[in-house]
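Trainee: The residues making up each chain are set out below.
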Amino acid sequence: MKKIAFLILLSASIMLVSSCRKSGCTNPDAVNYDPGAKVDDGSCICTSTSGPTPYQLQIPATFSRFLPPPTIPSDNPLTVEGVALGKKLFFDKRLSDDLTQACASCHLPSQAFDDTNRFSIGIDGLAGTRNAMPLFNHAWNTNNKFFWDGRANGLEEQAFGPVVNPIEMHDTWPNVVSKLQADAVYPSMFMSAFGTSTIDSVLASKALAQYERTLISGNSRFDKYLLRQISLTPSELNGFSLFMSESGADCFHCHGDANNPLWTDNLFHDNGLDLTYTDLGLGAITGNPSDNGKFKTPSLRNLVFTPPYMHDGRFATLDEVIDHYSSGLKASPNVSPLLKNVATGGNNLTPQEKADLKAFLLTLTDSSFVRGH
Amino acid sequence: MKKTLYFMKKTDNSINNTLNLTIKPKTMKKTLIALSALTLIFSSCKEEEPLTPKTTDTSTDVNFVFKQYYDGYEVTAADFGAKQFLNAKGTSHTISKLQYLISDITLHKTDGSEVNLGGYNLIDVSQPLSRFYTPAVQIPEGSYSGVSVTFGFDGNDNKDGAYTDLNAASWSWPMMIGGGYHFMKFEGMFLDNTSTMKGFAYHNGTASKMNPNGTRTAEENHFRVRLWDANGGFQVKSGERMTIDINMNIAEWFKNPILWDLDQYHMMLMPNYTAQKMINQNGRSVLSLGNVTSPTN
Chain A
100 MKKIAFLILL
110 SASIMLVSSC
120 RKSGCTNPDA
130 VNYDPGAKVD
140 DGSCICTSTS
150 GPTPYQLQIP
160 ATFSRFLPPP
170 TIPSDNPLTV
180 EGVALGKKLF
190 FDKRLSDDLT
200 QACASCHLPS
210 QAFDDTNRFS
220 IGIDGLAGTR
230 NAMPLFNHAW
240 NTNNKFFWDG
250 RANGLEEQAF
260 GPVVNPIEMH
270 DTWPNVVSKL
280 QADAVYPSMF
290 MSAFGTSTID
300 SVLASKALAQ
310 YERTLISGNS
320 RFDKYLLRQI
330 SLTPSELNGF
340 SLFMSESGAD
350 CFHCHGDANN
360 PLWTDNLFHD
370 NGLDLTYTDL
380 GLGAITGNPS
390 DNGKFKTPSL
400 RNLVFTPPYM
410 HDGRFATLDE
420 VIDHYSSGLK
430 ASPNVSPLLK
440 NVATGGNNLT
450 PQEKADLKAF
460 LLTLTDSSFV
470 RGH
Chain B
3 MKKTLYFMKK
13 TDNSINNTLN
23 LTIKPKTMKK
33 TLIALSALTL
43 IFSSCKEEEP
53 LTPKTTDTST
63 DVNFVFKQYY
73 DGYEVTAADF
83 GAKQFLNAKG
93 TSHTISKLQY
103 LISDITLHKT
113 DGSEVNLGGY
123 NLIDVSQPLS
133 RFYTPAVQIP
143 EGSYSGVSVT
153 FGFDGNDNKD
163 GAYTDLNAAS
173 WSWPMMIGGG
183 YHFMKFEGMF
193 LDNTSTMKGF
203 AYHNGTASKM
213 NPNGTRTAEE
223 NHFRVRLWDA
233 NGGFQVKSGE
243 RMTIDINMNI
253 AEWFKNPILW
263 DLDQYHMMLM
273 PNYTAQKMIN
283 QNGRSVLSLG
293 NVTSPTN
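From first to last, the protein sequence lines stand for chains A and B.
Sequential numbering of the first sequence, starting at 100, is according to the numbering used here.
Sequential numbering of the second sequence, starting at 3, is according to the numbering used here.
Hints were generated in silico from the structure; no laboratory data involved.
One thing to keep in mind: the hints can contain errors.
Mimicking SDA-like on lysine to any residue, the simulated pairs with C-alpha atoms at most 25 Å apart in a straight line are [claimed, not checked]:
hint	chain 1	residue 1	chain 2	residue 2
1	A	Lys323	B	Ala164
2	B	Lys161	B	Lys111
3	A	Lys457	B	Gly181
4	B	Lys211	A	Ser344
5	A	Lys186	A	Asp140
6	B	Lys111	B	Pro142
7	A	Lys192	A	Pro169
8	B	Lys211	A	Leu448
9	B	Lys211	A	Asn337
10	B	Lys279	B	Gly181
Quantities reported herein were computed from a predicted structural model and do not represent experimental measurements.
Just chain A, same shape as in the assembly (with noise of 0.2 Å):
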């Protein structure tokens, strides 16, 4: 008698406790009020007559002090609504044809929105023949191209093409806009973004890029370091002085530098990986032969989120992409000439070097950024 009653008063006292935390909206006044919610989570929804609220970047220090501010096109600006409705669509596994893959899905917010697979699979169960890209900073990509050849000229292109892409969401625009007009959210969520409850693909497309927009990572420890807060360690020093060095590692020239914290020029170069070409790359876009073999360059932070790596994700581990700038380039039909030594392999770095690179390259780790969504 006395368990029961032990067992009662702990059921209770467990149902208070999740009901008191019970989180959502709680503001009466937004599309998605939640009436049982207790704590507010940040998601409310709010119409309003005055039009969408523009929405503050949290732009870093680092960004702040030595980068232009955010390429935001006049045409799409970041408001509150439109984000929220943007992040909403980014996790919504409605956006494919069998309801089994959302945006997250091969850009998990876990990994710094990558892909832990080489190649992403897709609602059919076909794989492609890239590795994903992550996601984070494309509000600084000033040329405005995307995908590893760049045949995306702005984010709401890049947005609108994952979904009809038949390896990976395989819908149809109209179809996912049909579903979502059903929905009993999104029209209104449209509305507070738009100005419009009619739901088209442009609206969606512009409110994912407005979410990718919000995604910034530039809290490393190598930010700390720039803003003075905190010391690096000797091998990480050296490191960063290998990574500068046009005698040493020269990464600098395409992965950026303290004075360019995206550690990208944002630019597509050869890297030297294949006599031959089996992906042409930017070439196969722009048709110029000179650009066959052409991939962006991929930012170098959080890459302990995100192997594996290149274009192809041909390196799992960071070692082996060290070895192939190291000891391994090909001298690919294109290859940049600012790849050293190509003739025998590269600049065959010491052990002792390639620790201090890799050292350096994991202080621009930035684990809130992670952790953060």
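Since the structure of chain A is already known, use the hints to place chain B on it.
Mentor: Relative to chain A, chain B alone:
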């Protein structure tokens, strides 16, 4: 502008103080006159406050167009990686990248005075729009003999990390060899003396010399060139938009006064003091004034 703001603030305080006074009927008329006068002064000041640099009807816009040639052949991005060039030493090479920085453009009048336009422009041949530069400053009408430009940044302007657009373009010059910014990135492939294709990266910026104790001493490495108009000068008339072509003969980087040997100098030129000074010397003949066009020239 600072002075104007200060004056405005003082005026506001004066008005507040005046309004806080108890105004007697006898002095009402005088006070009203004083207030009217103050209002008149205040409003006239506002009207005269310049919001933008004042333009006069005796000045005009000037557009600079940067063009690149290889001994008479105009080079565009379409040639990158595709066309073979032959340098003065007889070495065959391609071009895959050509970017360079021009700053502090000055126009010289025939009376000896100068119009400094300031600013800078990063030309990237693969980005056609970057070849056009319109300074914010308008130029006064008159008779001009030519133009001066700085190739790169001079010591005052070459401040590490100071220009956000150049930072984002990965244009920085490593601090360990002097810091600041690149002045040029000129890259391509060449056929070496063993008939093997090799890359070259002819990069220019601050020169730094290795000291016996392992430290480095940096040295400014920009150069300023005076470009004369081939026709003896040009006229600027008010309201007539000017276009001035500044041409680069890429071949000059390899021949004058130093016959460049790509086999010897093709890589790791940035920390190479001798190479940087050689680039500086050869650079002085690469730029020239091209067509100057306007409705009257």
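Trainee: Each hint should be assessed against the structure and marked as holding or not.
Mentor: Each hint tested on the structure:
no. : hint                  : result
1   : Lys323(A) / Ala164(B) : 19 Å, holds
2   : Lys161(B) / Lys111(B) : 30 Å, violated
3   : Lys457(A) / Gly181(B) : 24 Å, holds
4   : Lys211(B) / Ser344(A) : 15 Å, holds
5   : Lys186(A) / Asp140(A) : 14 Å, holds
6   : Lys111(B) / Pro142(B) : 10 Å, holds
7   : Lys192(A) / Pro169(A) : 29 Å, violated
8   : Lys211(B) / Leu448(A) : 24 Å, holds
9   : Lys211(B) / Asn337(A) : 21 Å, holds
10  : Lys279(B) / Gly181(B) : 16 Å, holds
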